[in-house]
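K.L.:
Could you build all of it, start to finish, from the sequences and the hints given here?
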Amino acid sequence: MSVTDKLASRIPVLADRVERKDVVAVVKLHGVITPSPSPLARGAINLAAVETALTRAFGHERLKAVALLINSPGGAPTQSGLVAERIRQLADEKQVPVLAFCEDVAASGGYWLACAADEIYAHRTSMVGSIGVISGGFGFTGLLERFGIERRLHTAGENKSRLDPFSPEKPEDVEWLKKMHTQLHELFVNWVKERRGDRLADSDDLFTGDVWLGEKAVELGLADGLGSLRQIVGERYPDAEISVAEPKKPLLARLGIGAPAAASAVLDAVTQKAAWARFGL
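Its first residue numbered 1, the sequence shown is counted upward by one per residue in the UniProt record's numbering.
The hints are simulated quantities; they were obtained by calculation from the structure and are not laboratory data.
Do not take every clue at face value.
[To be verified] DSBU-like, lysine-lysine: derived pairs with alpha carbons at most 30 Å apart:
(1) K160 - K193
(2) K193 - K178
(3) K28 - K216
(4) K160 - K179
(5) K64 - K193
(6) K94 - K21
(7) K193 - K28
(8) K193 - K94
(9) K160 - K170
(10) K28 - K64
(11) K216 - K193
(12) K178 - K160
(13) K94 - K28
(14) K179 - K193
(15) K64 - K94
From a predicted model like this one, the values you see are computed outputs, not experimental measurements.
P.N.:
So, in structure tokens, the structure goes:
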């Protein structure tokens, strides 16, 4: 037998000795939840941005569990719902448990995402909850008058221009917005109750929009325990390999090009900063 034949005959034996480890896939959900980030945006969460990471995470052959590493102050309710529903769809298809780990903050839409998991864990300093609805904007009517700018707005339909920032605020528009908030709040509450069930404490404070540190979140049933990803996964799956599935970054962000100084980019940055600032971050 030639040397080549001897080596070839040993290859299957060597391959059999290679131990294929189980996998716990990690998906990082970091940033403000927004439907339309700029091409340069970093750390924005929406279904388009995280789809590749989710499908890659749930696609491992020897998958034991998927861990969601969440650090988000919230954002758009629809994108929160779409991402959470996609997580549940994949989890049901693959029949694997999903664990969520709250980092600095998992609030509002960030907590909506956490509820897509079967279990939620937080650090003792994590801020968790904020089960409520908020929206904000600016009024520029005084600014227009100051510079002698005339606002020209033409619509078909009496309610088409509701909450136009360049027009005086109308009480009936504010009332309409409050009704929308109430409906969205009810959907949020129902989602939390559906996912957390009888683990929730009987407390009037749960759905007030307040936020709590990790230990209190566990006490209220918003989280299942205190602990980090490495700690919990290490205890639960000691022989598993951790594989991180990163969301796909926008092209210009991958090239390392900074954000432009356009007014829209600056406004987006201010808006996202304000979302984090509500939690002192």
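K.L.:
Hint by hint, say whether it matches the structure.
P.N.:
Results for each hint:
1. For the hint linking K160 to K193, the alpha-carbon distance of about 35 Å lies beyond 30 Å, and the restraint is violated.
2. Our distance criterion of 30 Å between C-alpha atoms is met by K193 and K178, whose separation comes to about 22 Å.
3. Between the alpha carbons of K28 and K216 the distance comes to roughly 24 Å, so the proposed pair stays at or under 30 Å and holds.
4. Taking the CA atoms of K160 and K179, the gap is about 17 Å. The hint holds against a cut of 30 Å.
5. Straight-line distance between C-alpha atoms of K64 and K193 comes to about 26 Å, which keeps the hinted pair within the 30 Å bound.
6. In summary, the hint linking K94 to K21 is supported, as the alpha carbons are separated by about 18 Å, within the 30 Å threshold.
7. Restraint check for K193 and K28: the C-alpha separation of about 24 Å stays at or below 30 Å, so the hint holds.
8. Distance check on the hinted pair: K193 and K94 sit about 24 Å apart at the alpha-carbon level, within 30 Å; holds.
9. Restraint check for K160 and K170: satisfied, since their Cα atoms lie roughly 13 Å apart, inside the 30 Å limit.
10. Of the pairs offered as hints, the one joining K28 and K64 holds, with about 17 Å between alpha carbons and a cut-off of 30 Å not exceeded.
11. With a C-alpha separation of about 18 Å, the suggested pairing of K216 with K193 holds against the 30 Å cut-off.
12. For a cut-off of 30 Å, the pair hint linking K178 to K160 stands: about 17 Å separates their Cα positions.
13. Pair hint K94 plus K28 holds up; C-alpha atoms about 19 Å apart against a cutoff of 30 Å.
14. Proximity of K179 to K193 is assessed by CA-CA distance (about 21 Å); at most 30 Å being required, the pair is judged to hold.
15. A distance of roughly 10 Å separates the Cα atoms of K64 and K94; the hinted pair therefore holds under the 30 Å criterion.
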